[in-house]
Amino acid sequence: MNGTIGRRGVLAGASMLFLGACSKVADSTVGSHLLGAAETWHKKVHRSLADRTALAREYSKEDISPTFKGNGTLNIDTPEYQASIENQFADWRLEVRGMVDNPMTLSMDNIRALPQRTQITRHDCVEGWSAIGEWTGPQLSTLLEAAGVQEGANFVVFRCADRFSQGPYYESVDMVDAMHPQTIVAHMLNGEPVPVKNGAPLRMRIEKQLGYKHAKYLTAIELVASLDDIGEGEGGYWEDHYGYQWYAGI
Amino acid sequence: MAKTTKRHGLMTRFWHWLNLLCIVILFMSGLNISNAHRFLYWGNYGFDPADAWLAVPRFPGWATIPDYYSLAAARDWHILMAWPFAVGLLVMWIAMLVKGRFWREMRTTPKEWHPKAIWKDIVEHLKLNFEHGDAKYNFLQKVAYGVVLGIFLPGMIFTGLAISPGFEPAAPWLVDILGGRQSARSIHFIFSWGIFAFFVVHVVLVVLAGPIGQIRDMITGGKLAEKADNGDAQ
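Top line first, the protein sequences correspond to chains W and H. For the first sequence, numbering that gives the first Met the number 0 gives the first residue as 0, with consecutive numbering after it. For the second sequence, numbering that gives the first Met the number 0 gives the first residue as 0, with consecutive numbering after it.
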């Protein structure tokens, strides 16, 4: 009995020393820089191995999962959003603003009138699970071309109607992912309007990255030169407040 | 001359310790990542615990990196250490193939695969008789090292790449041959425990075979017994 506890104690002790060393490394300047740099190396390799417009896998109707899991915000408890549900989002507006020549405000009818793309893709959550669904909406590139992106705009910021404990949700991508053919502003899931739990009425699809990039309850698309002045400067809600990786293709 | 009489070459020794560091950090940060969604599935999709083939236990803080639940920080470590792990293994594999080491040292003969022969090897191991004969490794060592070097370690890299949505467009066939993303994730998990099992057996055998000499040789290179009387081995 004592032997077992002793051995376990030694193991736990060794583990604690090692864990302590790891957290020292992570907290050091060099360590945290290295941890951040590794993410960028992955992004560069991913983008050099395949064409930048290479498509994420598209599935057939038979592959669609029986349901599509909702995660994060599942409903927004504000009178405004509840009223929007009531009127089937007839009053919902999507702004395209920031570094564009023609800022736009689009209604759901405007969005549905644009050329549409339908894609059956797999949604991979950072937690590890996956779901497959059919998404329909205009390509983000269509909106950006109509708005006229100005020289020097490097990022697209997605503003959302939902809030978490630390503040409003937002996300961002660079122009490579923004102009990717599968990057769409989805208003339909599996042939129906996007359900509330999945981000009604509009959610982004950024198919080559993990789920937290796919901003839900979308209210505005903002073109910016730098992410430094947005939120805490890390490019997204989870990036700002919990240290998640901005490049979520890993 | 000195190189040929070393028990372990410089590159093997360097890789061994680098690989140990990588595997420990990757494994422990992986356990933290597992805690984020403790269910494993087969196929392309999977999110409902009711469809899981395995509900994985929650791993305690002392077994994970960092020692509290943080998917973001665990992923940072995993994403960083994947680099030295993958590049180190790639270099090691190229060197083994160029020098013909894998074939020379890990090759087994049909005779060795006879159930009676395998049983005899196991019994000898249990008696703590680690006789190698004239080969560098005995049969069980060849199988263990062969499976780890040939399947588990490269398998971790391939299944890891297959889970990564940014990598998939470069090689969608990889996800297909693994049976879909959730299958790749399940195999990633299974192989990690295969490596853990090897680690445990490896450490136990090193302890039984004389840990000080074994660890010293893996640091300094040691000497091959049959060449110990060569004057220039010193």
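Hints are computed from structural coordinates only; laboratory data are not their basis. One or more of the hints may lead you astray.
Stated by the list, open to error - In silico contact screen, one side only, chain W against chain H (beta carbon under 7 Å); selected entries: (1) Gly-12; (2) Ser-22; (3) Val-24; (4) Glu-38; (5) Thr-39; (6) Thr-52.
All C-beta atoms, glycine included, are put in the ideal place defined by N, C-alpha and C.
Hints, verified against the model:
{"no.": "1", "hint": "Gly-12", "verdict": "violated, 10 Å"}
{"no.": "2", "hint": "Ser-22", "verdict": "holds, 6 Å"}
{"no.": "3", "hint": "Val-24", "verdict": "violated, 9 Å"}
{"no.": "4", "hint": "Glu-38", "verdict": "holds, 6 Å"}
{"no.": "5", "hint": "Thr-39", "verdict": "violated, 10 Å"}
{"no.": "6", "hint": "Thr-52", "verdict": "violated, 9 Å"}
In this structure, the hints that do not hold are numbers 1, 3, 5 and 6, in rising order.
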